[in-house]
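Line by line, the protein sequences are chains A and B.
Under UniProt numbering, residues 1 to 217 are what the first sequence spells out, in order.
Under UniProt numbering, residues 1 to 223 are what the second sequence spells out, in order.
Please keep in mind that the hints were generated in silico from the structure rather than gathered at the bench.
The reader is advised that the hints may include incorrect statements.
[What the hints assert, rightly or not] A short, non-exhaustive set of chain A residues, derived as facing chain B with CB atoms under 10 Å:
id, residue
1, Asn10
2, Ser185
3, Ser201
Cβ coordinates follow ideal geometry from the N, Cα and C atoms, glycine included.
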Amino acid sequence: MNFDPTLIENALPSLLYGVRTTIWLFLAIMGLCTPLALLVALARVSRVRGLRRAAATYVNVIRALPLLVILYFTFYGLPSLGVFVSPFTAALVGLTVVTTAYLAEDLRSGLMAVPRGQFEAADALGLPTWRFVWRVLVPQALPVMCGPYFTRAIVTVKATSIASLVAVSELTAQSMAKVTETYRSVEFLAFAAVVYLLLTSLMAILQSRVQRRVTLP
Amino acid sequence: MDFDLSIWAVRGPYILQGLWLTLALVAGVLAISTPLALAVGLALEARSRWLRAPATVLSWMVRGVPPLIILFIAYYVLPIVLDLRLESLTAAIAGFVVYNTFILGEVVSAGLRAVPKGQHEAIAAAGLPMTRSLRRIVLPQAMPSIIPPYVSYSMDMVKGTALAGAIGVTELVTRANQAIVATNRPFEILLGVAIIYGVIDAMLIAVQMWSERRWDHQGHVSP
Numbered sequence: 001m002n003f004d005p006t007l008i009e010n011a012l013p014s015l016l017y018g019v020r021t022t023i024w025l026f027l028a029i030m031g032l033c034t035p036l037a038l039l040v041a042l043a044r045v046s047r048v049r050g051l052r053r054a055a056a057t058y059v060n061v062i063r064a065l066p067l068l069v070i071l072y073f074t075f076y077g078l079p080s081l082g083v084f085v086s087p088f089t090a091a092l093v094g095l096t097v098v099t100t101a102y103l104a105e106d107l108r109s110g111l112m113a114v115p116r117g118q119f120e121a122a123d124a125l126g127l128p129t130w131r132f133v134w135r136v137l138v139p140q141a142l143p144v145m146c147g148p149y150f151t152r153a154i155v156t157v158k159a160t161s162i163a164s165l166v167a168v169s170e171l172t173a174q175s176m177a178k179v180t181e182t183y184r185s186v187e188f189l190a191f192a193a194v195v196y197l198l199l200t201s202l203m204a205i206l207q208s209r210v211q212r213r214v215t216l217p
Numbered sequence: 001m002d003f004d005l006s007i008w009a010v011r012g013p014y015i016l017q018g019l020w021l022t023l024a025l026v027a028g029v030l031a032i033s034t035p036l037a038l039a040v041g042l043a044l045e046a047r048s049r050w051l052r053a054p055a056t057v058l059s060w061m062v063r064g065v066p067p068l069i070i071l072f073i074a075y076y077v078l079p080i081v082l083d084l085r086l087e088s089l090t091a092a093i094a095g096f097v098v099y100n101t102f103i104l105g106e107v108v109s110a111g112l113r114a115v116p117k118g119q120h121e122a123i124a125a126a127g128l129p130m131t132r133s134l135r136r137i138v139l140p141q142a143m144p145s146i147i148p149p150y151v152s153y154s155m156d157m158v159k160g161t162a163l164a165g166a167i168g169v170t171e172l173v174t175r176a177n178q179a180i181v182a183t184n185r186p187f188e189i190l191l192g193v194a195i196i197y198g199v200i201d202a203m204l205i206a207v208q209m210w211s212e213r214r215w216d217h218q219g220h221v222s223p
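All chains, please: the whole structure from these sequences, using the hints.
In structure tokens:
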């Protein structure tokens with residue numbers, strides 16, 4: 001087996017295009033699903049039973065399905081409903097729907113870690129719900145949520161590779177296109193693996209930094 | 001849009017054949033990677049640095065890369081390295097085994113860490129042989145914290161096998177995809193597939209509840 005780095009050098013523009021797409025996809029997913037997942041998590045601990053049920057159903061149904069099935073839903077299903085979107089958008093919608101469900105469960109464990117007495121105290125003071133959520137609940141849940149949040153982010157970086165199977169030209173797709181073009185697999189798969197490893201390791205470093213900052217005294 | 005489930009009468013048998021491949025893949029991968037994960041978990045917690053360091057580095061590498069990339073490496077690179085032909089099913093099993101071994105290895109290692117330190121000290125003080133103390137003392141106590149994540153990662157594994165289609169294993173989702181392309185009926189076909197995965201998911205949850213009860217009886221050590 002020989003390794004020819006010049007192959008990577010020659011293909012660098014299109015590979016870097018893939019890296020950029022992967023990073024954009026990842027940032028868009030996390031940007032969309034962070035507030036959405038918080039809302040779903042809040043719905044799951046809500047006092048309104050209908051809200052609780054709806055959120056639980058959404059989370060459990062989505063988590064029982066393979067990501068690829070959901071991406072096929074958005075990739076084939078949306079156009080057949082008359083909604084024509086680019087593969088990138090279809091993948092973004094699918095990945096956001098899935099990541100929101102998983103992240104909501106992660107965040108819920110943080111919300112549950114806030115002592116019961118805080119809820120009762122807010123009730124006793126007549127604090128408006130949203131004020132309670134922003135000023136009392138979320139700040140106290142944050143240190144507990146932080147670890148699972150970054151773990152989910154790392155899983156999401158890796159999950160973006162599946163978008164390659166629904167025609168999104170991200171890192172995996174661009175690398176595989178070069179494999180088919182050049183009949184050389186080692187170089188391009190090594191490139192993709194190293195970039196993913198860099199991205200996930202970067203997230204892990206960020207995680208330990210942030211976690212150190214938000215730890216309660 | 002009209003919704004017509006009768007499409008399953010025509011395409012169903014072909015799609016369902018993929019279910020057997022999916023289940024065989026899951027069974028094969030779990031059977032091979034479970035003992036390997038135990039070894040990795042022990043290596044991650046080993047006292048010897050020569051075991052711990054390579055296990056830690058390998059685990060970081062494997063868990064930092066998407067499973068899809070590992071599958072592609074197993075399919076395209078492994079035959080070059082080993083200088084042999086690999087069927088896509090074999091390559092898929094190899095790729096998933098590598099990924100799963102380290103994912104589950106971390107689960108085992110976390111379970112071992114949950115065993116109180118005093119137990120290890122007591123084993124050392126009593127001079128018990130290592131394999132027996134592992135089997136009789138450490139693992140039974142680690143089991144309750146290993147089983148829930150083990151089952152939940154197994155569910156991920158079941159769903160993850162859908163990726164094997166990318167290297168030519170015609171499992172359930174791949175066949176469903178072929179049927180969608182042929183019939184342009186994504187909703188009917190994906191709904192059926194979703195129900196199948198829902199049933200598998202429910203069965204695994206039942207297994208988890210059963211094994212948690214079982215290990216709670218036998219593995220629980222009163223303080």
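Inset, instruction - State the violated hints by number, sorted upward, taking the hints as numbered earlier in the document. - result: Violated: hint 1 alone.
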